[in-house]
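Chemist: Listed below are the residues making up each chain.
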Amino acid sequence: MQDSLQSTYKQLEQKSKYTNIFLRWFLYLILILFASYFIFPLYVMIVTSLKTMEEIRQGTLLTWPSTLNFDSWAVAWGGRGYGAGDTYLKPYFWNSIKMVVPAVFFSTFIGAMAGYVLTKWRFKGDKWVFLFLLFGCFIPYQAILLPMARTLGVLGISNSVIGLVLVHTVYGIPFTTLFFRNFYVSIPTELVKAARIDGAGFFKIFFKILLPISAPIIVVTVIWQFTQIWNDFLFGSTFSFGEAAPIQVALNNMVLSSTSVKEYNVDMASAIIAGIPTLIVYVLAGKYFIRGLTSGAVKG
Amino acid sequence: MFKWLEKNLPKIVMAPAVGLIGWFVYGFVLWTLYISFTNSKILPKYELWGFGQYSKLWASRKWLISVDNLLIFTALFLIFCIVIGILLAIFLDQKIRAEGLLRTIYLYPMALSFIVTGTAWKWILNPTLGIQKLVVDWGFENFTFDWLVNREMAIYTIVIAGVWQSAGFVMALFLAGLRSVEDEIVKAAKIDGASLFTVYWKILLPMMRPVFFTSFVILVHISIKSYDLIVALTQGGPGISTTMPALYMTQTAFHKSQVGLSAASAMMMFMAVAAVIIPYLYSELRRENAR
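One line per chain: the protein sequences are C and V, in this order.
Under my numbering, the first residue of the first sequence carries the number 1, and numbering increases by one thereafter.
Under my numbering, the first residue of the second sequence carries the number 1001, and numbering increases by one thereafter.
Please keep in mind that the hints were generated in silico from the structure rather than gathered at the bench.
For each residue, glycine too, the CB sits at the ideal point set by N, CA and C.
Heads up, a few of these hints could be off.
[To be verified] Result set (BS3-like, lysine-lysine): computed pairs, CA atoms no more than 30 Å apart in a straight line:
id, chain 1, residue 1, chain 2, residue 2
1, V, 1062, C, 287
2, V, 1202, C, 17
3, V, 1133, C, 262
4, V, 1256, C, 262
5, V, 1056, V, 1045
6, C, 127, V, 1187
7, V, 1095, V, 1202
8, V, 1007, C, 208
9, C, 208, V, 1011
10, V, 1007, C, 124
11, C, 193, V, 1011
12, V, 1003, C, 124
13, V, 1056, V, 1256
14, C, 204, V, 1133
15, V, 1045, V, 1190
16, C, 287, V, 1011
17, V, 1003, C, 208
18, C, 193, C, 208
19, V, 1190, V, 1202
20, C, 127, C, 17
21, C, 127, C, 193
22, V, 1056, V, 1041
23, V, 1202, C, 204
24, C, 127, V, 1095
25, C, 204, V, 1041
26, C, 17, V, 1095
27, V, 1003, C, 127
28, V, 1190, C, 17
29, C, 193, V, 1007
30, C, 124, V, 1095
31, C, 193, V, 1003
32, C, 17, V, 1187
33, C, 124, C, 204
[Stated by the list, open to error] Listed next, with one range per pair, are the computed distances between beta-carbon atoms:
id, chain 1, residue 1, chain 2, residue 2, range
34, V, 1137, C, 98, 38 to 48 Å
35, C, 69, V, 1209, 45 to 55 Å
36, C, 67, V, 1284, 27 to 37 Å
37, C, 70, V, 1179, 14 to 24 Å
38, C, 32, V, 1183, 26 to 36 Å
39, C, 211, V, 1002, 17 to 27 Å
Take these sequences, add in the hints, and give me the full structure.
Modeler: Next comes the structure, spelled out in structure tokens:
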């Protein structure tokens, strides 16, 4: 009796162990299937950019290139060298850099100051001021495109990198303020109070006490702003064209241009070039990227 | 004078942010609202014209198609993103090896622009050399996959690309939510004999209500604003079968020069977003005050 009970128990345990192993394999299988679904377009982009058009027509999406051929990368970046009508990404890449660096700097600085005041120098109605700024995260930009286009025209900076810097700085402020405000809220106000009693002023407290401990939130904000501004297409395509266009607009124009034969390998190389800066930032600082995403994730 | 400056320094520092947002967000939205009540064509006119643009808008076939497409897209985009996101989050929560790597893979599309990924999807989905050829070469000779150039199906290609881009993000939100639940709750349930399925279905997922809410708001917001992806993938075509409100707005304004009409469409989008966002902000604020 005792023996048979023991053996049924053992059998049961064994059985559940097998189902567990089975479930575990199943789990990994599903996770890997999804991973391949997510990787698939990136893989296709890379291999296509390394093939010749001949190989593309003969093979399929998945076939590996026979030789690693970087010609289409060179064409995508520097053109074919026949002057007019030859579009390539190099000048637009620099446009984007010239647009991103100042816009990220200004919006981060203004946001840091606003977050500092809203948490450490509170005044009557500061909650409403925060809400007032926060709403700017959510508006659909279509509702401001028309007046913005006119304003840039009046200021004489439409179709210029400076115009885009202004646009991205302004519409970045709600996000940067949100990041810094939420970060400074968690820092004890006693720190600031003590410094005030010691006679430290507004700016001294910010630069000597808060700024040195703000590194993580500065990284989050800079990465967020960099990614958003680099990837922007709506503002870029509405407010700039021709030579002042940022890289996403140039990429789209290149892919859509219907001159002669479609060169998918050049298209894919261009797309990778336009995507590489943000992809590198993501791989190197994914943790900060995700933190920005989960706390400011409102902007698509 | 100096005393006054010192006392008001914080407010002075605050002023640029408030001024810029006041002008460029609130001022501009009001300007757009005003223009939507005028008969502006290429240049804005300032005599009021009543609701003419709105009735013109809702009589326009292209706008109605845009709204239809938006509803189809939003529904499918929401369902697939949330289902895939939750599944991945739960699976990743099972003490998986290489979790970090898998998470990185699921989320990397969020770091890319819709123009970049749209370009890739356009190539993958093209009917001559893309997926269709791949499957035909595998031996399924009658396989056709021409959604991208098919009026009826093109909108679903936008769903495929959109879900691919954003599902990982929902996964990240839910994973963070699941990780914040106390271990004791799960342990207690398991001791009571609850299966893993019951633990998730009956205990953990109901606790994720705020995460559902946040994902819902963010995804709806993304879908109402979707513009780049359509431009990169279909330009609203074939014909006008994949137009959406955001595309309608810019085309009406900058290609057809009907500024008043496009302002009206922009205000419709604004109201749709406000209808989702204001309750959200309200509840978030209440939660923060309750803390």
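Chemist: So, for every hint listed, does it hold in this structure?
Modeler: Against the structure, the hints come out as follows:
1. V/1062 x C/287: Distance ~43 Å between residue 1062 of chain V and residue 287 of chain C Cα, so the pair is violated.
2. V/1202 x C/17: holds, 25 Å
3. V/1133 x C/262: holds, 17 Å
4. V/1256 x C/262: Given that 30 Å is the threshold and the Cα spacing comes to 29 Å, the pair holds.
5. V/1056 x V/1045: holds, 17 Å
6. C/127 x V/1187: Violated: residue 127 of chain C and residue 1187 of chain V sit about 40 Å apart, past 30 Å.
7. V/1095 x V/1202: Judged against 30 Å, a Cα distance of about 21 Å means the pair holds.
8. V/1007 x C/208: With Cα atoms ~20 Å apart, residue 1007 of chain V and residue 208 of chain C stay inside 30 Å; holds.
9. C/208 x V/1011: Judged against 30 Å, a Cα distance of about 20 Å means the pair holds.
10. V/1007 x C/124: Judged against 30 Å, a Cα distance of about 14 Å means the pair holds.
11. C/193 x V/1011: Holds - the C-alpha atoms of residue 1011 of chain V and residue 193 of chain C are around 18 Å apart, at most 30 Å.
12. V/1003 x C/124: holds, 19 Å
13. V/1056 x V/1256: holds, 15 Å
14. C/204 x V/1133: With Cα atoms ~66 Å apart, residue 204 of chain C and residue 1133 of chain V exceed 30 Å; violated.
15. V/1045 x V/1190: Distance ~69 Å between residue 1045 of chain V and residue 1190 of chain V Cα, so the pair is violated.
16. C/287 x V/1011: violated, 34 Å
17. V/1003 x C/208: Distance of about 23 Å is within 30 Å: holds.
18. C/193 x C/208: The given pair, whose Cα atoms are some 14 Å apart, holds under the 30 Å limit.
19. V/1190 x V/1202: holds, 12 Å
20. C/127 x C/17: violated, 56 Å
21. C/127 x C/193: holds, 20 Å
22. V/1056 x V/1041: The given pair, whose Cα atoms are some 13 Å apart, holds under the 30 Å limit.
23. V/1202 x C/204: Status violated; Cα separation ~53 Å.
24. C/127 x V/1095: Roughly 41 Å between the alpha carbons, so the hint for residue 127 of chain C and residue 1095 of chain V is violated.
25. C/204 x V/1041: violated, 53 Å
26. C/17 x V/1095: Holds, at about 17 Å.
27. V/1003 x C/127: Since the Cα atoms of residue 1003 of chain V and residue 127 of chain C sit roughly 26 Å apart, the hinted pair holds (cutoff 30 Å).
28. V/1190 x C/17: Roughly 17 Å between the alpha carbons, so the hint for residue 1190 of chain V and residue 17 of chain C holds.
29. C/193 x V/1007: holds, 15 Å
30. C/124 x V/1095: Roughly 48 Å between the alpha carbons, so the hint for residue 124 of chain C and residue 1095 of chain V is violated.
31. C/193 x V/1003: Within the cut-off at roughly 19 Å; holds.
32. C/17 x V/1187: Holds: residue 17 of chain C and residue 1187 of chain V sit about 20 Å apart, inside 30 Å.
33. C/124 x C/204: holds, 23 Å
34. V/1137 x C/98: 38 to 48 Å: Distance hint for residue 1137 of chain V, residue 98 of chain C holds at roughly 45 Å.
35. C/69 x V/1209: 45 to 55 Å: holds, 53 Å
36. C/67 x V/1284: 27 to 37 Å: At roughly 55 Å between Cβ atoms, residue 1284 of chain V and residue 67 of chain C fall outside 27 to 37 Å, so the hint is violated.
37. C/70 x V/1179: 14 to 24 Å: The hint (14 to 24 Å, Cβ to Cβ) is violated, given that residue 70 of chain C and residue 1179 of chain V are roughly 42 Å apart.
38. C/32 x V/1183: 26 to 36 Å: holds, 27 Å
39. C/211 x V/1002: 17 to 27 Å: holds, 25 Å
Of the numbered hints given earlier, the model fails hints 1, 6, 14, 15, 16, 20, 23, 24, 25, 30, 36, 37; all others are met.
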